[in-house]
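Here is what each chain is made of, one letter per residue.
2 protein chains.
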Amino acid sequence: MTSLDKKFAVQRHAEREEFSREEIYSWLDATPLAHVGFVDPETNTPFVIPMGFVRDGDRILLHGSSGSRFFLTITKGVDLCITVSHLDGLVVARSAFNCSMNYRSVMIFGKAKLLADEAKLDALEKITNGLIPGHWNNARPMYKKESAATIIVEVPLDRITGKQRNAGANDEPEDIDLPIWAGVIPMEVTYGQPISEETASQLPVPPNLEPLWK
Amino acid sequence: MTSLDKKFAVQRHAEREEFSREEIYSWLDATPLAHVGFVDPETNTPFVIPMGFVRDGDRILLHGSSGSRFFLTITKGVDLCITVSHLDGLVVARSAFNCSMNYRSVMIFGKAKLLADEAKLDALEKITNGLIPGHWNNARPMYKKESAATIIVEVPLDRITGKQRNAGANDEPEDIDLPIWAGVIPMEVTYGQPISEETASQLPVPPNLEPLWK
Numbered sequence: 112m113t114s115l116d117k118k119f120a121v122q123r124h125a126e127r128e129e130f131s132r133e134e135i136y137s138w139l140d141a142t143p144l145a146h147v148g149f150v151d152p153e154t155n156t157p158f159v160i161p162m163g164f165v166r167d168g169d170r171i172l173l174h175g176s177s178g179s180r181f182f183l184t185i186t187k188g189v190d191l192c193i194t195v196s197h198l199d200g201l202v203v204a205r206s207a208f209n210c211s212m213n214y215r216s217v218m219i220f221g222k223a224k225l226l227a228d229e230a231k232l233d234a235l236e237k238i239t240n241g242l243i244p245g246h247w248n249n250a251r252p253m254y255k256k257e258s259a260a261t262i263i264v265e266v267p268l269d270r271i272t273g274k275q276r277n278a279g280a281n282d283e284p285e286d287i288d289l290p291i292w293a294g295v296i297p298m299e300v301t302y303g304q305p306i307s308e309e310t311a312s313q314l315p316v317p318p319n320l321e322p323l324w325k
Numbered sequence: 112m113t114s115l116d117k118k119f120a121v122q123r124h125a126e127r128e129e130f131s132r133e134e135i136y137s138w139l140d141a142t143p144l145a146h147v148g149f150v151d152p153e154t155n156t157p158f159v160i161p162m163g164f165v166r167d168g169d170r171i172l173l174h175g176s177s178g179s180r181f182f183l184t185i186t187k188g189v190d191l192c193i194t195v196s197h198l199d200g201l202v203v204a205r206s207a208f209n210c211s212m213n214y215r216s217v218m219i220f221g222k223a224k225l226l227a228d229e230a231k232l233d234a235l236e237k238i239t240n241g242l243i244p245g246h247w248n249n250a251r252p253m254y255k256k257e258s259a260a261t262i263i264v265e266v267p268l269d270r271i272t273g274k275q276r277n278a279g280a281n282d283e284p285e286d287i288d289l290p291i292w293a294g295v296i297p298m299e300v301t302y303g304q305p306i307s308e309e310t311a312s313q314l315p316v317p318p319n320l321e322p323l324w325k
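Order-wise, the sequence lines are chains A and B.
Quick note: the first sequence uses this note's numbering, first residue 112, plus one each step.
Quick note: the second sequence uses this note's numbering, first residue 112, plus one each step.
Check each hint, because a few of them may be wrong.
Copies of one chain are not kept apart here, so a pair can be met inside one copy or by any two copies together.
Unchecked claim - Only pairs whose alpha carbons sit at most 35 Å apart, straight line, appear in this in silico DSBU-like list of lysine-lysine:
| # | residue 1 | residue 2 |
| --- | --- | --- |
| 1 | K187 | K237 |
| 2 | K187 | K325 |
| 3 | K222 | K255 |
| 4 | K224 | K256 |
| 5 | K255 | K274 |
| 6 | K274 | K224 |
Simulated from the structure, these hints should not be mistaken for lab results.
Keep in mind that this is a model prediction, so the values were computed, not measured.
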C-alpha cells in the first residue's frame, strides 16, 4: 500500500453514490452548517441560505428567528433541498483535466414541519446541545419570550443522498510517469483555542466544550 | 480592549449587511467551494449542488462535465443563487437563546453564460490556477478531447450580497455577571501536509503549492 492507499484505505471507488444511512449520518454530524435551498414564492427566485442545523435521529432540526422572512418562508411547506458538504482535499493530478477535489456531501429533499409546545422545547434543548455539547444545562434557562421568538422546524431524513470522492489523483495511464508531482492536499475544519469574554475570563472553559476544540 | 475586542477589532456591529465589493471578493477568494442553487425545470424541484469555483475579476467561473445533467441544466439560462459561506466560530453565550455562530457568507444571483473557444481556454487556465496555484504551466497540456468534455460557465458578480457575524457573545445585560463561561470557539479550514502519489513520491512538492499548505 502506498501512503495514499493507507490514508484512504476505506475507499474502494474514487466516486461512489451508495452509502449506508449510518455513514451519511456521520457526515451530517460532523458539521453544524447546512445550505438550505428553496424557491421564494413571492419572487419565484431560488435562494440558498446558510443555516445551523443539528441531526436528531431520522430528522434534522433547523432554528431561525420569527423576524426572518426567509425562515418564515421555509415553514410554509415549500420544497427544500438541504445540502451539507465537507471539502476534504485538493487533488493535484499530472493533467489539469484530472485535478479534482475530495469531498463528502449530503442532499436532503423534503418539507419543513413547524414544531410547537413540548416538541419545540425538546428540540430547543437538542439544538443547543447539538451545537454546543452539554450547554443546555449550563446555560441560563430560556425565557418564554425567547422560545416564542424562536422558530424550530424539523425535516425528516426520508429522501437523502450522499456522494463522496475520497481518492488520490486519477491520472491517465500514459501520464503516470511524467515528472510532475501528483497527490492530495488534505483539508479539514479545525477549532482554535476558545476566546473568553472579558467578564468570563476568570471562569474556566467548561469541560463539556472540550470535544470541540481539544 | 478585551482579548475578544482585539481579535475582532475590525468589527463595529455584530451583524452587518453592507460591505465593500473588495471585502466580499476576499471572502470568495478564501474558498473554492460554492453551493449552487436552482430549480430543475424537469421536476420543478430546487437543487443545491456543491461545486468548485474561482473568481476572476467581476465574474465567477464554474466548470463541470458535459456528462452531468445538473451542470447542463445551469447552462440553460435558469436563475441561480450561488452561496459561498465560511463558518468562523461557535459563539457560546450565557443563555441558549443568545448562542450563535460567527460566519461570512456571500449570495450571488444571476444566470450562467456558457464559454466557448478562446474565452473557454482562458477560463480553463484561470480555473486550474485558481484552484491549484501555478498548476496550469506545470501540468501536462490539455488534450482537445479533454477541453471538449469540460463545460465552463461564467456568472457575473452584478447582484451580490454579503453578510457577516464577527463578534463575541451578545448576552442580555442581566446575564453578564452569571457564573457561566461565555466566549467564541474559532473555526477555520486548514490544509494538511501533502500526500504524494506513490509514483510521485520521489518528486518534491512544487513550491507553487506552498501557499496552500505552508
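Comparing the hints with the structure gives:
With identical chains, the CA atoms of K187 and K237 are at most 35 Å apart within one copy only, with a shortest distance of 23 Å there and 42 Å across copies. In this assembly of identical chains, K187 and K325 lie within 35 Å of each other by CA distance neither inside one copy nor across copies; the values are 40 Å within and 47 Å between. In this assembly of identical chains, K222 and K255 lie within 35 Å of each other by CA distance solely inside one copy; the values are 27 Å within and 44 Å between copies. For a Cα distance limit of 35 Å, the shortest separation of K224 from K256 inside one copy, 21 Å, qualifies, whereas the shortest one across copies, 48 Å, does not.
Taking CA atoms no more than 35 Å apart as the test, K255 paired with K274 passes between copies only; the shortest distance there is 29 Å, against 41 Å inside one copy. Taking CA atoms no more than 35 Å apart as the test, K274 paired with K224 passes in both settings, with 26 Å inside one copy and 27 Å between copies.
Consistency with the previously given hints fails for number 2 only.
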